[in-house]
Amino acid sequence: MTSGTGPHADTHLPLRERKKRRTRRALADTALRLFRDRGYEETTLEELVTEVEVSMRTFFRYFSSKEDVALAAETELWNAWVEEFVRREIRGTALEGLRDAVLSALRGMDEEWFDRLLRTRLLAARTPALRERHASASHDAETRLLRELENRFGTDSSADVRLPLLAEMSLSAFRCGGKNWLADKPGGAPDNGRAALLNRVAEAFDALPGSMSLSPGS
Numbered sequence: 001m002t003s004g005t006g007p008h009a010d011t012h013l014p015l016r017e018r019k020k021r022r023t024r025r026a027l028a029d030t031a032l033r034l035f036r037d038r039g040y041e042e043t044t045l046e047e048l049v050t051e052v053e054v055s056m057r058t059f060f061r062y063f064s065s066k067e068d069v070a071l072a073a074e075t076e077l078w079n080a081w082v083e084e085f086v087r088r089e090i091r092g093t094a095l096e097g098l099r100d101a102v103l104s105a106l107r108g109m110d111e112e113w114f115d116r117l118l119r120t121r122l123l124a125a126r127t128p129a130l131r132e133r134h135a136s137a138s139h140d141a142e143t144r145l146l147r148e149l150e151n152r153f154g155t156d157s158s159a160d161v162r163l164p165l166l167a168e169m170s171l172s173a174f175r176c177g178g179k180n181w182l183a184d185k186p187g188g189a190p191d192n193g194r195a196a197l198l199n200r201v202a203e204a205f206d207a208l209p210g211s212m213s214l215s216p217g218s
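Going letter by letter, the sequence shown gives residues 1 to 218 in the working numbering.
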């Protein structure tokens, strides 16, 4: 995975592309700061673009709404996960392939991204509009992974219920790992480093097979 989001991750790109990435990152970072300091509902897009010193037209080149800029860190991960899964050869089971792809995507993110994800999750937890949008974005990622599974196995998911179950369980494993990451320390202040989230997500994926055979007497 080479598509990390840190300040040194895009040095190989042309200058124009580097500028575009920096603008997108500045909008996302500034949005999270303003939402934290002033409140999500109270902060306007006009205030955001003024702070970043770009036009509203420039904003809409990168994001479709205030919800989208608030959840930019999540979107970056969904895109990286899908891209990684598409390009990787599956070794072992499809579940292992999905697990390896999301872990590789996470390894490609820099430490600044993990901090942004933490701030995004905390903001979404107290903002109903963002929780709804987050659910929609997660569903979109699930649909994209399902389409790739259909391509890999050469079948429509309506004919093989295992494929949509696999896509849905994979997203659920990531969400479970993320929740445990947030809850790792008292007061919801987790160790927000790469290793902590990787461990929690891997743990959730590895628990999936056993969870299918769980019974009251086990």
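It should be emphasised that the hints constitute simulated quantities derived from the structure, not laboratory data.
Please read these numbers as outputs of a predicted model, since none were measured by experiment.
Incorrect hints may have been included.
[Claimed, not checked] Ranges of calculated distance between the beta carbons of each label pair, as one might list FRET restraints: (1) Leu45 to Glu132: 12 to 20 Å; (2) Leu45 to Asn79: 19 to 27 Å; (3) Phe60 to Ser211: 16 to 24 Å; (4) Arg194 to Thr155: 33 to 41 Å; (5) Arg33 to Ser55: 32 to 40 Å; (6) Lys179 to Arg38: 43 to 51 Å; (7) Gly92 to Thr50: 18 to 26 Å; (8) Arg36 to Ser213: 41 to 49 Å; (9) Arg57 to Asn79: 35 to 43 Å; (10) Glu51 to Met212: 42 to 50 Å; (11) Arg33 to Leu165: 24 to 32 Å; (12) Pro128 to Gly92: 14 to 22 Å; (13) Asp37 to Gly92: 41 to 49 Å; (14) Arg38 to Glu132: 40 to 48 Å.
Where is the CB? At the ideal position from N, CA and C, for every residue including glycine.
Status of each hint after checking the structure:
{"no.": "1", "hint": "Leu45 to Glu132: 12 to 20 Å", "verdict": "holds, 19 Å"}
{"no.": "2", "hint": "Leu45 to Asn79: 19 to 27 Å", "verdict": "holds, 23 Å"}
{"no.": "3", "hint": "Phe60 to Ser211: 16 to 24 Å", "verdict": "violated, 42 Å"}
{"no.": "4", "hint": "Arg194 to Thr155: 33 to 41 Å", "verdict": "holds, 36 Å"}
{"no.": "5", "hint": "Arg33 to Ser55: 32 to 40 Å", "verdict": "violated, 20 Å"}
{"no.": "6", "hint": "Lys179 to Arg38: 43 to 51 Å", "verdict": "violated, 27 Å"}
{"no.": "7", "hint": "Gly92 to Thr50: 18 to 26 Å", "verdict": "violated, 51 Å"}
{"no.": "8", "hint": "Arg36 to Ser213: 41 to 49 Å", "verdict": "holds, 43 Å"}
{"no.": "9", "hint": "Arg57 to Asn79: 35 to 43 Å", "verdict": "violated, 23 Å"}
{"no.": "10", "hint": "Glu51 to Met212: 42 to 50 Å", "verdict": "holds, 49 Å"}
{"no.": "11", "hint": "Arg33 to Leu165: 24 to 32 Å", "verdict": "violated, 40 Å"}
{"no.": "12", "hint": "Pro128 to Gly92: 14 to 22 Å", "verdict": "violated, 40 Å"}
{"no.": "13", "hint": "Asp37 to Gly92: 41 to 49 Å", "verdict": "holds, 46 Å"}
{"no.": "14", "hint": "Arg38 to Glu132: 40 to 48 Å", "verdict": "violated, 21 Å"}
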